[in-house]
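> For the protein sequence lines, the chains are A and B, in the order given.
To convert, note that position 154 of the first sequence is 136 in our numbering; the numbers rise steadily by one, no gaps.
To convert, note that position 70 of the second sequence is 175 in our numbering; the numbers rise steadily by one, no gaps.
Hints in this document: simulated from the structure, not taken from any laboratory.
Note that the structure is predicted; figures quoted are calculated from it, not measured.
A few of these clues could be false.
[Stated by the list, open to error] Keeping only pairs whose Cα atoms sit at most 25 Å apart, straight-line, the calculated PhoX-like set for lysine-lysine is:
1) A:K134 <-> A:K96
2) A:K40 <-> B:K255
3) A:K134 <-> A:K119
4) A:K96 <-> B:K279
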Amino acid sequence: MRFPPPGFVRLVIILSLCVLLITLDGLGFFKARYVLNYLFTPLERLASALHNIQDAQKQLAELSAESSSKDKSSMEPELNQENALLRQLLGVPFSLPFTILPATVIDSSTQLGKHYIVIDQGSLSGASPGQTVVSGKYFIGQIDEVGMAESKVKLLGANSLCVAVYLPRSGFPGILRARPDGVLEVYYLPPRAKIKVGDLVYTSGLGGSFPRGLLIGEVSRVENIAGELFLDCEITPSPSLYSPTVVGVLLPASPPLPPVPYIVDQTSENSSPKVSSPESPSTPEPGDAENTSAPPKAINGFGE
Amino acid sequence: MIKVYSPSSDRAPAISARAWIVIYILALVIVLAQLTLGRLISIWGVAPSFILAFMICLTFQLGARSVLPVAFVTGFCADLFTYNLLGSSAFALCLVVWLVGLSRNIIYRKNLWLYLAIIASSTLINALVIRLIYWIYLGEEIFSQNMLWKLPLESLLNFLALMLLLPLTKRILKGRLNYGE
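The following block holds chain A by itself, in its conformation from the complex (with noise of 0.2 Å):
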């Protein structure tokens, strides 16, 4: 067999070729792949339509049956449990200035990585990179990348992916961030932080890269070594972090209303032009009804 071996040099050439374009695509060139994708949507969209149908059979399935065995007095502690979730979720401090945009999972393949889904909503809904996603209160991940109709989400496991977070019982914050094993941890907490297994964890909103209070998992295991500055503490996340099917994208709230602009009235000829604002009306006249009417009123509740 002689070398190289026919054929070699066309590879190696090709294999260079595809390191650059892996290389060009990790540092966000090929914004146009968006485009094409969202050509390609339509298609993906009826053979996902296709597979859907075929879950919703089996769920329906599976659930007629569920319900036939179960009766209403095997539910009840079921039902205690997320009544007392639920209870707990209504006391922690939290306020939402965003809207919730329920997305769809329609991708969560390992080749995307294994840490990472694509959702059925994209810049045409006003997504965009580096918004919160949520599944119910739980935080999930946020969003990497933007496409016109569908989303690449990176989920908590990444290895890419940190949090500023606390621990409401403690006091103490730190920063969450997910070993090369897709183990949740949290670093940077001081021995002295009195840490228990089955602390809650929520989201700190420091850096401002993320909402305050939404909660992240519990604490699964806390191990103060020996020597060491900061305690060894690791998460376990929601479950529904692991096969997300229904997610919400916080997009931020509308913004306030901008400032009118002055409006120069040029209809009286001989006296001087009126300028109006809502800040300081002119006199209202007999007549006049833009100047009777209310106030713009302030949109979505918000500033108020």
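Chain A is already provided as a structure; the job is to place chain B on it using the hints.
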């Protein structure tokens, strides 16, 4: 089994421009089929890779040297239509095509187990290369427990896809190749 040219000559068959067009169109159709039908016919979340099977079919018939550009374009399209790292599938496909091209000598033996071995090793190499790229660029872990049962199942499905696509590509390329004999 499929008839291939003598590898000792190292001479790829002459392919007409029309045949190239047919091959590229077929590759695009295979990519679209993979992205739409792949999810529908998956078993336990594992779908056959029509793209990989098709590339192996082509390599059996045309040789790695001729198929490398097709593999690159096909992988590039597959990446373009999804959110994969652009070039990752192309990289893995080209590597697989080249390795399959090297193993063409043994394809003369009309043994089904050889085909199975080639498709299984191709599936393994393809998966490992893609995971390696994701490990380098995104810090994802290379090995997972799922791989232990997913890869054999995927290899089996790919083998079935290969058996389906072999006669198809043979039929399409029939009469369009000139071996210069």
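> Now tell me, hint by hint, if it's right for this structure.
The hints, checked one at a time:
For the given pair, A:K134 sits about 12 Å from A:K96 by alpha-carbon distance, which is consistent with the 25 Å threshold. The straight-line distance between the Cα atoms of A:K40 and B:K255 is roughly 22 Å, inside the 25 Å bound, and the hint therefore holds. Of the supplied pair hints, the one linking A:K134 and A:K119 holds, its CA atoms being roughly 20 Å apart against a limit of 25 Å. Restraint check: the Cα-Cα separation between A:K96 and B:K279 comes to about 42 Å, which exceeds 25 Å; the hinted pair is violated.
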